[in-house]
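Asks: Spelled out, the chains give:
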Amino acid sequence: MTGVDRKKSSLKDIVSKVGLPTLIIAGFWILTLVAGAFLDISTGTLISDTLKRAGMNGILVLAMVPSIQSGTGPNFALPVGIVCGLFSLVTAIELGFTGVSWLAVSILLSIPIATIAGYLYGKLLNAVKGSEMTIATYTGFSIVAFMCLIWLMIPYKNPKMGWFIGNGLRETIQLDGVGAAQLLNNFLRFEIGDFIIPTGLLLVFLFFCLLMWLFTKSKSGIAITAGGISPKFAKASGLNIDKNRIIANILSTVLAAIGIIVYSQSYGYAQLYSGPLLMAFAAVAAILIGGATASRAKVSHVIIGVILFQGLLTTALPVANKIFVGLDLSEIMRMVVQNGIILYALTQVKGGEK
Amino acid sequence: MSDNLLNIKNVSKEYYGNKVLKNINIEVKKGEIHALIGENGAGKSTLMNILFGMSVIHTTGGYEGTIEIDGKEVNIKTPHEAMLHGIGMVHQEFMLIPGFTITENIKINREITNTNIISRIFGKRYENLDFKKMDKDARKALDTLDMGIEEYSTVAGLPVGHMQFIEIAREIDKTGIKILVFDEPTAVLAEAEAQNLMKAIRKLAKSGIGIIFISHRLDEIIDVADKVTILRDGEHVVTKDIKDTSAVEIAQLMVGRKVSIDRSEATARKKSDEIILSIKDLRVAMPGENVKGISLEVKKGEILGIGGLAGQGKLGIANGIMGVYPSKGEVIFNGNKLTLNNPMLSIKSGLGFVSEDRKGIGLLLDESIELNIAFTAMQINNGFLTNYGPFKLKNSKEIRKHALEMIKELDIRCTSPTQATGRLSGGNQQKVCVARALTQNPTLLFVSEPTRGIDIGAKKLVLDELLKLNEKYGMTIIMTSSELAELRSICDKIAIICEGKVEGVLSPLAPDADFGLMMSGSRKRDVVRSDS
Amino acid sequence: MQNTTGERLKNKKDSSWILDNIVTIIFIVFTVVGFIVSKDVSLNYFLNELTSRLFRNAFLVLSLIIPVLAGLGLNFGIVIGAMAGQMAIAIVRYFTIGGVSGLFLCFLIALPIAALFGYFAGLLYNKTRGQEMIASLIVGYFANGIYQFLFLYTVGAIIKVNPTHPMINPSGIGVRMTVDLFPVKDGGLKYALDNIMKIPFMWAVLIVSVFILAIIVLSNNNKKKKSKKTPMYFLNVAACTIMIFISVFSIVTNNSLMQVNKVPVVTAILIIALCIFNELIMKTKLGQDFRSVGQNQHIAAVSGINVDRTRIIATVMSTVFAAWGQIVFLQNMGTLNTYNAHTQIGMFSVASLLVGGASTSKASNRHAIIGVLLFNSMFIMSPDIGKALFGNALLGEYFRTFMVYGVIGLALGLYVWKTNKKSRITLE
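Protein chains in written order, with the UniProt record's numbering: chain F, 1 to 354; chain X, 1 to 532; chain B, 1 to 428.
Each hint should be verified, as a subset may be incorrect.
Claimed, not checked - Here are the computed lysine-lysine pairs in the DSBU-like style, where the Cα-Cα straight-line distance is at most 35 angstroms: (1) Lys-235(F) / Lys-337(X); (2) Lys-124(X) / Lys-127(B); (3) Lys-300(X) / Lys-240(X); (4) Lys-337(X) / Lys-292(X); (5) Lys-129(F) / Lys-300(X); (6) Lys-129(F) / Lys-322(F); (7) Lys-235(F) / Lys-328(X); (8) Lys-219(F) / Lys-232(F); (9) Lys-235(F) / Lys-240(X); (10) Lys-348(X) / Lys-129(F); (11) Lys-198(B) / Lys-359(X); (12) Lys-421(B) / Lys-235(F); (13) Lys-235(F) / Lys-300(X); (14) Lys-328(X) / Lys-401(X); (15) Lys-17(F) / Lys-337(X); (16) Lys-262(B) / Lys-123(F); (17) Lys-298(F) / Lys-77(X); (18) Lys-298(F) / Lys-292(X); (19) Lys-243(X) / Lys-72(X); (20) Lys-328(X) / Lys-271(X); (21) Lys-232(F) / Lys-243(F); (22) Lys-348(X) / Lys-217(F); (23) Lys-459(X) / Lys-472(X); (24) Lys-199(X) / Lys-232(F).
Please keep in mind that the hints were generated in silico from the structure rather than gathered at the bench.
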């Protein structure tokens, strides 16, 4: 073997190990960072924003792990969990909680609600094996539309959430009002120059990653993964695949619920109505960028993916604004990258007889 | 020079250096019914693939020898060319679209069309279908076969016998059909339907079509064929006129004695008379391997072989008892009635299973050897776990220790216990499967096709290992295999399964002809000597 | 003509009839309830809305039929066809070519663009076999990104345009959010198709009723198999006869129903032409190939049909029709919502088709037309129902969004569930 050949094959190894999409997005991000540096945009700010947004979105992306591992594919019905989280969050406000107690109550309340929703959703997925992704997407859409009716009719009276006239809740609820904006972000937050670390937020994200990682090492986690990789193997080994798929989707739904609460506090607003409609796609794209496929995912994919994807979006915005004045290129790029990566992943899905 | 429709001359085929066909010579005359018989892997399907120009032949380097049709040498590269040369096939699995009418199925992709204005501009694909003409053709083909059904009824819901005839009608509707291949045509048919089919085949032959009839049913071959060619291990054993031979002879030639069986009679065997497993009227819905009412008894410490041709249901037995496919019947294991259709309970009760589908059911190919070995024991028997309150995490240390032991004991050749099983050779993969089954400490082990896809050297090792398990732990083993020779080398007795039922139980030392006849389901003819 | 295509596959069991038609039933019940509870909707208002929506949307919904029959499922990707249509309209509008000739120029320009898009979509669907529906949804989102880049940036920055043109942003880069298409008399495209010829609504009802009655009676007499005249047959005949009487009565007495807006004849003819095309194509060799591939790709391939190519052709046809459908839609709207007009097209069209009784593997012209009528009835009624029942029109609007997604989810879910149940391995 000649030197060139060896180089080629080692390059190939890297590509196949890391995954082409991950490499492309990473390259692109570095490119925008460099461009940003040339355009006098503070790299520190860009990186801090990236970290903040990664921490914000992280748990939502993490919610993809159990569902992918169980073989139901990326959880396109993420909104099911998200609306559970939003419901808990507004209920906690209605009950008059503020600050840390609001956060605690929201999360505690969201867990049982999301568990029930996840259980029902898991049941549904078991009935539609083979087309989970399509059905999940419309389940997510339907639930968001249904919740629009609920938001409008819910008899909550707290003036911080209601419309100024008439019934129902506002489209966006300011969390400043309950002293809950950036609650986690500001915990142990520190700054080095223009480089800001939202310590609390990152710690929470990493804590959930650790839990998830431990779960994948548990008896139940291993059983779920086996059922996802090879249902036949799992069945012959005496596992109850349907039950495992339900457990996985309960986990995913609960993570989505907690994820949106963490997201909202960091964002400073809770977005109701059609806000959650397309959130699943961004989360799916992030984990795919991290190197996951529609049938395999690890916690490391979440961390890599969410940093790369959010990094790219955060950096592209100011950079593009300087190059293409008056054009929101960031939004366009989000659409192309996000949906492009999902399409790529779909072409890699096996199945569907010819 | 001759009136041969088809001449297959010195045809050989190699797959990656592995000779699967050696110098086959077959001649089929006009109006002749030529039977082709052989065990699984004898080369029948490879020969047919060559005849039909299947891509699997040409992507693996083509074949040697020549094929002549009507005395002219042809080189068939695609199934379409085969069709143009007048070769047709009636598939074992029906190639019929249930939602289509009979006419539409008969005429699929050979529709009769009329030109219209659009098609003159855009091409043939836009021509109108001429259902009148198509119906007429279909009617004609159906009439040839004495089929009374209406050509415009849909195929869905027709009895299987009719579907078979529609397949035949499609072939004879093709213009210039010269040679028609029937691949196990009666496998799915009831007695009376099979009789009808035989009649139809004779009628077709009379009209001058050459027929290649692939079947394992000896009585049918004797009944309908003019000549029979026997293949064994890719070799052309003999071609005989039916009138010069008998079922017994064909059976004997088909099974043959590949290698002299060296039965390694172990000394320390502990066979008892206690019945450990009793199966009564077991039915299993395993696609392609249906079990239709099997009763068997297995004694403790015994090695029972289950043999038979592919598709007859031998593989369904283990899969059914282990709950992999839906099953019904009564299974008593160790004195307790086994709950069927629940793999977990089967495993818990002490049954182990090494599946024939190593890559699908047997292994998690992307996972490590150690996880594969520990998996079932961990999930079903809560082994290899450390408890942290209600949470159970896997105990990596213990898993590693056990895996290393197993690797040593079974001599699994690998770089480390963390190597992915997908990277191992077939024989080593099989050993991992065995290791996993052993880790569950089973009292009875089902082993299906243990040597499939394993090279010859490793085969012996796997068999020796099974024998050793039986000897050392007194483990009862039920081994299912398509390779008669390997069953005969280690089993105490061998049950032959034919058409979903036990055809008979033979001693491993019984003559070849007995095996051959039983595998072909010809016991009814009373040619089999009763087993001692 | 109405009894179409997928219909040779007959439904047998009556027991599952309700389940098979659950979506349609929900919508019929909803519309009827709507009429009962709402007070503000007059029949004339309802009919006005419904007819204009029918002629606006039917072409798009009809463009979904071929992919269903070719086994690709519901092509949410007609969105990219709609984009092609909008590109054509933008080009024609930029050069201010109006009237009928401008409109047909639109059709002509849209053809190659949509065909190309359809070809790429077809390639993608072949690579995502078994997941076509989710792929078709996502490809719409993906293409939307590229579309926005094209319209927001390329136009002006790369493609030189006149910066003072009324459809270009004041900055000289990008197309405006909304582009007025002008009435025909001012050299625009608005109603270019609709206004060629119009006839009173009740005349149209009369013609259609007579036409349908003739078809029902004739086709029933023509049948080879002397099938018994079903109750459905008599029901249809009776319905047509009643419609004929009502319309004749209205025309003679010139009652309030004559106030309903006139009906665009040429648009109707185009829609009927697409119905006939859908019908005729299935009677050709290509159509038979669509069906073969749709029913079983493996058998089709073994029989020598080029499965991939056939699927691509189906996608291309669907995309091109969607592009034309969007042009028909926009000439009726009169304004081009550059960045929004196409986004919901796939979802609404699919929902309409499903409401008409279609499924992932079964669709016909009849499903499309009934679906458009029922779906839009719901659309028209729901704000009023919301107001009447809850005193909140917004509620009705959210409710109809819920119905769109819910209907798609329910219909697809039921279909998969039924298919899975059928394919389960069982003893005997």
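Asks: Broken hints, numbered, in rising order?
Replies: 3, 5, 6, 9, 11, 14, 15, 16, 17, 18, 24
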